[in-house]
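Q: Here is how the chains run, residue by residue.
Number of protein chains: 6
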Amino acid sequence: MTKKFEPLDSGSVPRFAGLPTFMRLPVAEPSEVDIAILGVPFDLGTTNRAGTRHGPRELRNQSSLMRRVHHVTGLSPYDRARVADCGDVVIDPFDLMRSLDIIAAHYAGVREAGALPLTGGGDHLITLPILRGLAKDGPVGLIQFDAHSDTYDSFFNDSRYNHGTPFRRAIEEGLVDPKRFVQIGLRGAISDAGNYDYARGMGVRIIFIEELVARGVEDVMAEARAIVGNKPTYVTFDIDGIDPSQAPGTGTPEIGGFSTREAQQMVRLLDGLDIIGADLVEVAPPFDPSGLTALTGATIMFELLCVLAGVVERKGKR
Amino acid sequence: MTKKFEPLDSGSVPRFAGLPTFMRLPVAEPSEVDIAILGVPFDLGTTNRAGTRHGPRELRNQSSLMRRVHHVTGLSPYDRARVADCGDVVIDPFDLMRSLDIIAAHYAGVREAGALPLTGGGDHLITLPILRGLAKDGPVGLIQFDAHSDTYDSFFNDSRYNHGTPFRRAIEEGLVDPKRFVQIGLRGAISDAGNYDYARGMGVRIIFIEELVARGVEDVMAEARAIVGNKPTYVTFDIDGIDPSQAPGTGTPEIGGFSTREAQQMVRLLDGLDIIGADLVEVAPPFDPSGLTALTGATIMFELLCVLAGVVERKGKR
Amino acid sequence: MTKKFEPLDSGSVPRFAGLPTFMRLPVAEPSEVDIAILGVPFDLGTTNRAGTRHGPRELRNQSSLMRRVHHVTGLSPYDRARVADCGDVVIDPFDLMRSLDIIAAHYAGVREAGALPLTGGGDHLITLPILRGLAKDGPVGLIQFDAHSDTYDSFFNDSRYNHGTPFRRAIEEGLVDPKRFVQIGLRGAISDAGNYDYARGMGVRIIFIEELVARGVEDVMAEARAIVGNKPTYVTFDIDGIDPSQAPGTGTPEIGGFSTREAQQMVRLLDGLDIIGADLVEVAPPFDPSGLTALTGATIMFELLCVLAGVVERKGKR
Amino acid sequence: MTKKFEPLDSGSVPRFAGLPTFMRLPVAEPSEVDIAILGVPFDLGTTNRAGTRHGPRELRNQSSLMRRVHHVTGLSPYDRARVADCGDVVIDPFDLMRSLDIIAAHYAGVREAGALPLTGGGDHLITLPILRGLAKDGPVGLIQFDAHSDTYDSFFNDSRYNHGTPFRRAIEEGLVDPKRFVQIGLRGAISDAGNYDYARGMGVRIIFIEELVARGVEDVMAEARAIVGNKPTYVTFDIDGIDPSQAPGTGTPEIGGFSTREAQQMVRLLDGLDIIGADLVEVAPPFDPSGLTALTGATIMFELLCVLAGVVERKGKR
Amino acid sequence: MTKKFEPLDSGSVPRFAGLPTFMRLPVAEPSEVDIAILGVPFDLGTTNRAGTRHGPRELRNQSSLMRRVHHVTGLSPYDRARVADCGDVVIDPFDLMRSLDIIAAHYAGVREAGALPLTGGGDHLITLPILRGLAKDGPVGLIQFDAHSDTYDSFFNDSRYNHGTPFRRAIEEGLVDPKRFVQIGLRGAISDAGNYDYARGMGVRIIFIEELVARGVEDVMAEARAIVGNKPTYVTFDIDGIDPSQAPGTGTPEIGGFSTREAQQMVRLLDGLDIIGADLVEVAPPFDPSGLTALTGATIMFELLCVLAGVVERKGKR
Amino acid sequence: MTKKFEPLDSGSVPRFAGLPTFMRLPVAEPSEVDIAILGVPFDLGTTNRAGTRHGPRELRNQSSLMRRVHHVTGLSPYDRARVADCGDVVIDPFDLMRSLDIIAAHYAGVREAGALPLTGGGDHLITLPILRGLAKDGPVGLIQFDAHSDTYDSFFNDSRYNHGTPFRRAIEEGLVDPKRFVQIGLRGAISDAGNYDYARGMGVRIIFIEELVARGVEDVMAEARAIVGNKPTYVTFDIDGIDPSQAPGTGTPEIGGFSTREAQQMVRLLDGLDIIGADLVEVAPPFDPSGLTALTGATIMFELLCVLAGVVERKGKR
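Chains as they are written, first to last, in numbering that gives the first Met the number 0: chain A, 0 to 317; chain B, 0 to 317; chain C, 0 to 317; chain D, 0 to 317; chain E, 0 to 317; chain F, 0 to 317.
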């Protein structure tokens, strides 16, 4: 591997200097790398507080605090895979449905280029077109860290495409196998219980925060791993799964969430699965005066990157 | 006039107490009042930083600082007209075009109810459907305070309805008479000069901030009054016309704007015109950490209210 | 039950639209409902940083994020009881003692109207006049979640009425039975140990945060339930009981508090007690730049509401 | 003069180091100096947003940015007078009337000690007890820079002592000669016109912001100087006289105010008058996220200090 | 000219998307362009509040709001010159003197590459090494917009290189011709008058803010143009020259500054001079909660860019 | 013991009044007290985000919320030892190496005066010169609470003195006995594993956060106590050891840290050791909009003070 796909050396170029690419990586095309980090600055699916359109830029900014070698494994993802910042998907801010098509096409391209995508959103609706782009060989497994199920049917005059509905659509469209779908960390009052009934009816495993606390992270993740098995699986991480004290800058914060410590442990326990891509969504910088949410998001992205690098290492680099 | 349509007495009910209606007024239907204050929490027309959907609520909050009697005229608008908070227009956050129809229908209803509407936005696209609701008897005059002309043709794959285009559409649709249309305070670099060329070609009078500064407020407003004459005229006030030091919380701030002092003087010089309604748009609370923008917006709304109260007084109250 | 006492449907009216009443409920009189949600915008009892006078308004704002059905019980409080926003108590900002009388009279009225009050404060002194209004049939039990005991005798030239003294006064006045009084979560250095000595001497059970952590929430709450028994009990929740990372916007923050997760669990374990009212106090918006404190407060109010709805259901609705 | 009463040398002790006394001056007793800078951390007279109790501390913090030599005159006040930080007046946060007595007694002591007081507030009610302490030889002249007249009679159940009433009380008590009283910069809607009527009826000269703008600072200040003449005069500067873009952190901001440039020029034009003391009030740090208000306040205090130093120089130092 | 050196089209790629380069321009080497925009993230010369090391990144962020065509001239700088973002100078955060050498060498390289540099700082000390890099053919003229003269000799144990001294050093080193050096907007108290005495003694023309206000921008700029004449001249713009209401985020704010309107007019009046480079310094994002300072800075950089593009046009593009 | 070394009585002097000394203590010389609280406003060792130069001032501000008697022990440190605010060490903001010498000399003086120092920083490099001043009798033990090991060798052109290197230098210089050195709470990716290898190679015990969580605070602290034994030991507490939700205002935040509850428990478990001094470093107020970080820091300083008071009590007061 050339040295090209390395973060800038923070002992030579200060972290406050230079363009804030993801992880201070070079900019490249997906076809040049094993793992493509992308931004999807889209928030047209937001029911209440918008602002995740600014998420990718602030995730990049805060990712300039990231370093190279994971302190638990002692491994650097950059030694295990070629990784680059592959830029933002250029959505259309006035056309939700057209934007979904743009995103889907973009991720189909990433898949064809042979790179695993790691995405910084954007609201949670973006996971639907990402899955449309990636799940070309049949339904995939899905591990979702989140405060909300996002399996409502519709809102507002039967709007079926918004950040409360992506996973119902994904099941309906055959993108996700509901039997291989687990949702972790859900909580908070709901408008009505219909979304939970739908998900459970389809076979989705819902693990409320109360169950997570009672059983502990290791036990829950063992179950999650068993549910998705060793077949292709996508990972979606909604920042609002984390407690709002650690991630206040999001559109629909819900108190009583899991901690970043738990989040990091859960992501690390994904290691070894056949992950085909991952995203970190719902960072809304206008509601994040201290920048902590974007920092949390960028660090979770680094943890996801380490997991993806393991996949690359097992499957072989370019 | 009954005492009902009065702000809460701040010497009896502290300003920090009670529901924050506009100007601490009672809630009522347009048919009960001479002047209906409304909110339009809509920002689907925003090209860059969203957030004006939260504008009406924060304008209401800050309007709890408003008082009753104008210090220059010594008059209270509440002695001259019945005024109430007539609530928000319930838009559809996932359907821009449907929302425009909802707004247009709502303002047609306000017009039919016989009330003059004073609106807190919302992005500037809302003025288009407001005009559709009000300009039922032919094109109206328009006085626009703004940093931008908002007469572009389209953006993003020919999107023709966004907050950069409302006044081109309003001219095309025959809602505004371009010969009775004046734009005051424009400035800032432009994507291309086509919007100015279009507006001028139609007869719109554009007064850049430089001309405003050179000639002074009184001279400019005398010209503006002459342009619209004594026929029905709408007034639209984009908060970004004001300098961002006094109104930072807006989506496309532009330095070098007019001051609130100039703004207040300009609005006062509207007195005597046949104003059929007015709006204050583009307050984006997520970008307004000190709340100053909403305070400025609420105070401009009070000045507009005083002008509208004069119209009511001349034409006769209910 | 009519449908009237329902929150606005967030799938029809966006959460950012409309007047921010508590939980997006209709405004009504206590006599119309089973549970009256009220605000007491009072901070004259504050020893250091004021600002809780703005608490009710921001609690209402953030409560627009609340939903209907509790995810653990699957129950909606609005199906079990009629609930409304019954407005703010109009205190006198220049007369502490007169304000206490106003509050006491107001809550006596709520009690006579037959509604259970759920209050958003305000500083903690307001619980004293609330108890004066409610404890008409003899001393009540009290469960207090808090960082501080609030049982000092006096400060500043023998001021006996401030937010450090309400529960000493409540015991002295026979409003609270000290044997049925438990304080949970106390911590932090104290000016002197006299307040603890007084409380313990009267029979109050003090559970420091260290004990809570060591024994766990369930064990502690079992004891608390035993202490108050099945007789009338009031619940007071000082937001500073919660760790300041989750509730920074308060006048006397104290690090090392219980988490929102623990708080939610503790409130849920109140279910089945004979609760006659509850309050959530000490939210100080000027010290809450991200709004998280008011969000936390509003969610705890929702949890308290669910408990109160259970009381109504057991005792019978109107 | 000894070197003792000098600010710390910022070329030796960095501005960020050391205790933030006013102007980085030593702490001393009024009897040791010619000019005593004091804080009055009092906001019990506030009708709406409290927080000026924190004003003195933040004024001190920002005053660490001040330097020594006035750039226009080339003079240092510290060469002309002995100046020190004489600490805060210890008010009683639960007893408004007692606090007024404490303040009055404190300033009587300053006067007896032979020092000219320069005060950082605190809400505007503090000027009343300051005048009680200073105006021992009969009514004094008064120059007031402000957005509001503060000559209301009462609020809230006939509360006669709050920050809307101090100057009516001061006239009634014979502390101020209304014929030698000028108010500059007033503006904004009023609850009712009674306060202006009262003031004018007593002979107070009110100069609205509109008149100030029309005539210019020099002309207005010439009139102000003529009104107070060469007899003892007090100067009170409410930070809300300045435009809220330059001083957002205050309880009752009013757009359209005078600029800091105008404020500085006006204060400089006080030079030569027989000033017996001055204050800068209504800085409310909780509403000042950028710290600009306290910086503005501290700089105006420096300008007032230079004027007071001229008085000392003319009358002779200790 | 190829289309390559154009900002991203904001009607195709939303302003919130993509890497935030200066003006959304492509990244290139100085040798490829006529005008090189660079960042110098350096604040080791700061006497009080650090943070300008983060200036270039936030200037880039806010510059994504800039557009193409100047509204007064109707000209686009991108039609007149090739312009690119040429990245940051990589300074050494632990070695002030070495960093100065790095910067000087870097700008010597830009000069040799034939590009005019436009710089976003960084504290004001960076102008010294920039001049060392550019003034290879003898002393240049200098127009400085600033609140401070920055001509002190030393601070803190004879530190001769900090942001209070660059222009004394530049004169001593023969980089600037003091007879062709004008400072505009100076104000604020000074530690001692020695810096003004030095500057004036060398022939530097100091124009205080008071003189600027009295004479007006046009008259002052005519004098400034005459002072530097038609020989090579550098322009340095310290953001603290602008009033802190419009640029609060800076290390040593000074109230009473010139407005952005005046600033824009002054920069436009540089047109036609032989400008060899320009900088905008002292933007400190940690003290800029609303982002207004960086927006102001980015807009002034656009105005400077337009002036530089005129120089290129007159001298001939590559 | 005289009453002199007591905090101001918050029941007589409100917490918002008076100069904000550490813990509201009197100012004194180290020779007058048993425990000297000092500030070191130094951030020249910072690799990325500066701002800890403002740490001491904000720690003092927030320490005005501290009280006297520890709620667990029932003891007041002020009954056990004479304690005062001994001011700031006056560093040189332009000379890192000279500042280190100033600090070392200052702490040698504190040691000679016979006081135990408790320090509020400043970046973590300050611990190196503090140890130089204190470890005059041979290497001391060290307990470090931190997210980072700070045992790198150098950065940026072989800079060996910055906040990533102090403990490597301290070992090399014989100030710390690496066999009696334990680091608790470390986590986060690293630039390279060399620093851990070095530390472990020297015998330093590194306890990652994962181990701390797995074993619990009591077990880990028992080990830490055994490691340092009953010989002289210094304690250094980097605020970034605590989770950034509870301490966001720091230069290199790292998610997943220990909680304040854990931090308090760990510090309390230091009781009985032979502590010769302690510091709390890396509080960066410009990145702390809510002030929570400084509050957390001040409270940890109070806990450390209680431990130091125990040392004094055992060894005998002056």
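Hints may contain errors.
[Stated by the list, open to error] 30 Å max Cα-Cα, derived DSSO-like pairs, lysine-lysine:
1) D:K3 / F:K3
2) D:K135 / D:K316
3) E:K178 / E:K230
4) F:K135 / F:K230
5) E:K316 / E:K230
6) E:K178 / A:K3
7) A:K230 / A:K316
8) C:K314 / C:K230
9) B:K3 / C:K3
[Said to hold, decoys possible] If the Cβ cut is set under 8 Å, some of the chain C residues that face chain D in the computed set are:
10) A49
11) D91
12) R131
13) F155
14) N161
15) A225
16) N229
No wet-lab data here; the hints were simulated from the structure. Ideal Cβ positions, reconstructed from N, Cα and C, are used throughout, including at glycine.
Q: Does each hint fit the structure? Answer for all of them.
A: Evaluated hints:
| no. | hint | verdict |
| --- | --- | --- |
| 1 | D:K3 / F:K3 | 25 Å, holds |
| 2 | D:K135 / D:K316 | 22 Å, holds |
| 3 | E:K178 / E:K230 | 12 Å, holds |
| 4 | F:K135 / F:K230 | 14 Å, holds |
| 5 | E:K316 / E:K230 | 20 Å, holds |
| 6 | E:K178 / A:K3 | 50 Å, violated |
| 7 | A:K230 / A:K316 | 20 Å, holds |
| 8 | C:K314 / C:K230 | 14 Å, holds |
| 9 | B:K3 / C:K3 | 25 Å, holds |
| 10 | A49 | 4 Å, holds |
| 11 | D91 | 5 Å, holds |
| 12 | R131 | 19 Å, violated |
| 13 | F155 | 5 Å, holds |
| 14 | N161 | 6 Å, holds |
| 15 | A225 | 37 Å, violated |
| 16 | N229 | 38 Å, violated |
Violated hints for the displayed structure, listed by number in ascending order: 6, 12, 15, 16.
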